[in-house]
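Number of protein chains: 2
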Amino acid sequence: MGLKTVKGGITAPLGYRASGLYCGIKQSKRKDLALIVSEVPCDATGVFTTNKVQASCVVINKEHLKNGRAQAVVVNSGNANCMTGESGFDNSRTMASQTARILGVRRKDVLVASTGVIGKPLPIRKIVAALPELVRQLDRRGSEAAATAILTTDKRLKEIAVEFRVGRRKVRVGAIAKGAGMIHPQMVPATGPKHATMLCFVTTDAAVTLPVLRSALERAVNKTFNRVSIDGDMSTNDMVVVLANGLACNTRIVERTPEARLFQRALEAVFAYLSKQMILDAEGATKFVEVEVRGAASDEDATRVARSVATSNLFKCALFGSDPNWGRIAAAAGYSGAQLDPWKLQIFLGKELVVKNGGRVKKSAAALNRVFARKDIRILLDLGLGSGRAEYRTCDLSTNYVRINSAYRT
Amino acid sequence: MGLKTVKGGITAPLGYRASGLYCGIKQSKRKDLALIVSEVPCDATGVFTTNKVQASCVVINKEHLKNGRAQAVVVNSGNANCMTGESGFDNSRTMASQTARILGVRRKDVLVASTGVIGKPLPIRKIVAALPELVRQLDRRGSEAAATAILTTDKRLKEIAVEFRVGRRKVRVGAIAKGAGMIHPQMVPATGPKHATMLCFVTTDAAVTLPVLRSALERAVNKTFNRVSIDGDMSTNDMVVVLANGLACNTRIVERTPEARLFQRALEAVFAYLSKQMILDAEGATKFVEVEVRGAASDEDATRVARSVATSNLFKCALFGSDPNWGRIAAAAGYSGAQLDPWKLQIFLGKELVVKNGGRVKKSAAALNRVFARKDIRILLDLGLGSGRAEYRTCDLSTNYVRINSAYRT
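Listed in order, the protein sequences are those of chains D and R. Residues 20 to 429 (the numbering used here) are what the first sequence spells out, left to right. Residues 20 to 429 (the numbering used here) are what the second sequence spells out, left to right.
Isolated chain D, as found in the complex (with noise of 0.2 Å):
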């Protein structure tokens, strides 16, 4: 497909600068504070939680981004800014207010974003203090000072950037997120009906129209972002925001042509790398696991089934003791809600099949457990029902998962 993958993650597309440094809350005083600019005003658009549980910054975000229009984004980890009252609005309009006046652009083209602990008011005035020196900072290779301020309980930072051809030339995407735990992201637009904290921030220098960039975004996070699934916790501030400001002067792409779909494709390439890295990085877990599910009556039964049994406790501690326990995942789809026949269920541990004609298929225990001795395993379930498809990404549930999630804040 054309798709080259760059260095310079968030900063690789031509005209963004970006920075990160520490201001002052986490207590571990690694970098908390984040920065990406535009040189322009970029076409812009987001997706966020389906929490009715909302940090303020998505529903700032939301009210900012209507005009479609945005040119900075402003980040702080270690707090998430949510259930923090009427205060805790108004402090993430002050975070926005603030780097805008010192940007010299607009309050409306400044978004926000937060994550971290629930509940707890946000220290405002480190961040405002600090705003003058993270904007000094900015910096053309700036990507990985953002990419390490955004972080929570991630162990490693999280960024890509690909190129592509549009005619004679040469478009960049870039990307940088966070995201480790509370995850299972069920994002929509602004302006949709529909759920995680994870964090991703899109730059292009492609010229693109709006409704290529809204459409290309919601179908690329509905194919990977929201079929991820750590911990099945919805988070209040999930986000994915995009910002394309046209620097590559290619031809503007428009919808229903081949530069639309390559655009979309490269949304996904990205947002594939980053949900697997999120994946790897996850709290505790020791391994990446795709479920596939075919043959579903309806793609959303496809999905039902598929997240059921990437959310099973059981399952994914059979995973992380390397047990081939599949009988876990039959009862995990059978009480997914999906349409299920348990005779003309079929079911694959990797590539051996293991379930057919309701029962097992009878298979050495060896060849079994090195399935799930692996890092990296597929489970494959075929209802044999109809043509439905869906596929979820998950881990392991480990005892470390449940010591560091039962020691995170105390």
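Be careful, since some hints might not be right.
The list treats identical chains as one, so a pair stands whether inside a single copy or across any two.
Unchecked claim - Simulated pairs of lysine to any residue, SDA-like, Cα-Cα distance not exceeding 25 Å:
| hint | residue 1 | residue 2 |
| --- | --- | --- |
| 1 | Lys71 | Glu371 |
| 2 | Lys394 | Arg422 |
| 3 | Lys375 | Ala316 |
| 4 | Lys71 | Lys363 |
| 5 | Lys71 | Ser383 |
| 6 | Lys381 | Ala426 |
| 7 | Lys26 | Gly403 |
| 8 | Lys375 | Gly104 |
| 9 | Lys71 | Gly356 |
| 10 | Lys382 | Gly43 |
| 11 | Lys375 | Ala279 |
| 12 | Lys370 | Ala426 |
Just so you know, these hints were derived from the structure itself, not from any lab.
Position chain R relative to chain D; hints supplied.
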């Protein structure tokens, strides 16, 4: 309400005998085969898992209970006889028919239950070979032996009996149960449309009409077992079965009478006790937790919120760590799918109001830590929207839960 707890468990009511022994299924060599028999045929009914993958015992009992009659229940532990193909059904039928033959009762009057690993062929020969001895050991004080023989990962046996008066006659209800993992029951009558492995067998000497028996069972289960979640995983084998032999010789209990309500409350009390015992014995659990929801737009919405909080891995890790992280409670309420306005939401940890007006109510960390340090914790969410109410009972998610379930089979 005139209910008195009495000794004797499932054999406390008149006319019942029970037994339990080791027949060779469990590697641990613990008891794995149980039998409960009434002297005379009983009015009988049951509720069963709504998992679409159902063990053969579930399917067969629904058939056998169509005529509202049964006289015996034969139960094995250590093997679920689920997803074991046609031969699995043959094996369950053989369990019933061989038991019937030895007891001299009709095949359809014998119910069957299995619990344990999914997908492994049932060692039916061992079971059949042990049946004569199982029948020989039937005893008026056999409740404990039967209660022990139905256990899997449970550490303690679960039995109870209560007594109350119907007119001048004393009537008794006795029950035994098992369940410590794969517990998220949603059971409905065989005739109904709706899911655990938990097993519960109930005997009564009350004379009661089948409609009263059926509605009392369904209502009592909906208020108790169907409001319990240990790990969110619904089993393929859950069932509650009631036998009523009428030997108390009370005036038969008919619908819409104070006696019918009393009978239902007796079942509720028995099930409430047994469901609490299941949670106290839950795999790895260190805490018993009640999640109460009030003020929801509807009872259904209240149930959604209570279930969402009670099954949130992050909330349950916080419970294990004794960390009063109410943000995770708010987030889980927000993604439940219920109507919710964060500005109207109130959250109480024990008696401490911690969330109001969209933000925290400042309380001393010591006070909140005290609440979460308890072994018995009550959480209340008031949504402030209507009069919908619901309650769920659950436990914490511990490192031991993960250890137990990553090593269960291997």
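Each hint tested on the structure:
1. Lys71 - Glu371: Between copies only: 23 Å across, 42 Å inside.
2. Lys394 - Arg422: Both, since 21 Å and 19 Å are each at most 25 Å.
3. Lys375 - Ala316: Intra 18 Å, inter 44 Å, cutoff 25 Å: intra-copy only.
4. Lys71 - Lys363: between (38 Å within a copy, 12 Å between copies)
5. Lys71 - Ser383: Answer is neither: 48 Å inside a copy and 28 Å across each miss the 25 Å cutoff.
6. Lys381 - Ala426: between (43 Å within a copy, 21 Å between copies)
7. Lys26 - Gly403: Classified as neither: same-chain Cα gap 44 Å, cross-chain 51 Å, threshold 25 Å.
8. Lys375 - Gly104: between (54 Å within a copy, 9 Å between copies)
9. Lys71 - Gly356: Both: 23 Å inside a chain and 8 Å across chains, each within 25 Å.
10. Lys382 - Gly43: between (57 Å within a copy, 24 Å between copies)
11. Lys375 - Ala279: neither (42 Å within a copy, 47 Å between copies)
12. Lys370 - Ala426: between (39 Å within a copy, 24 Å between copies)
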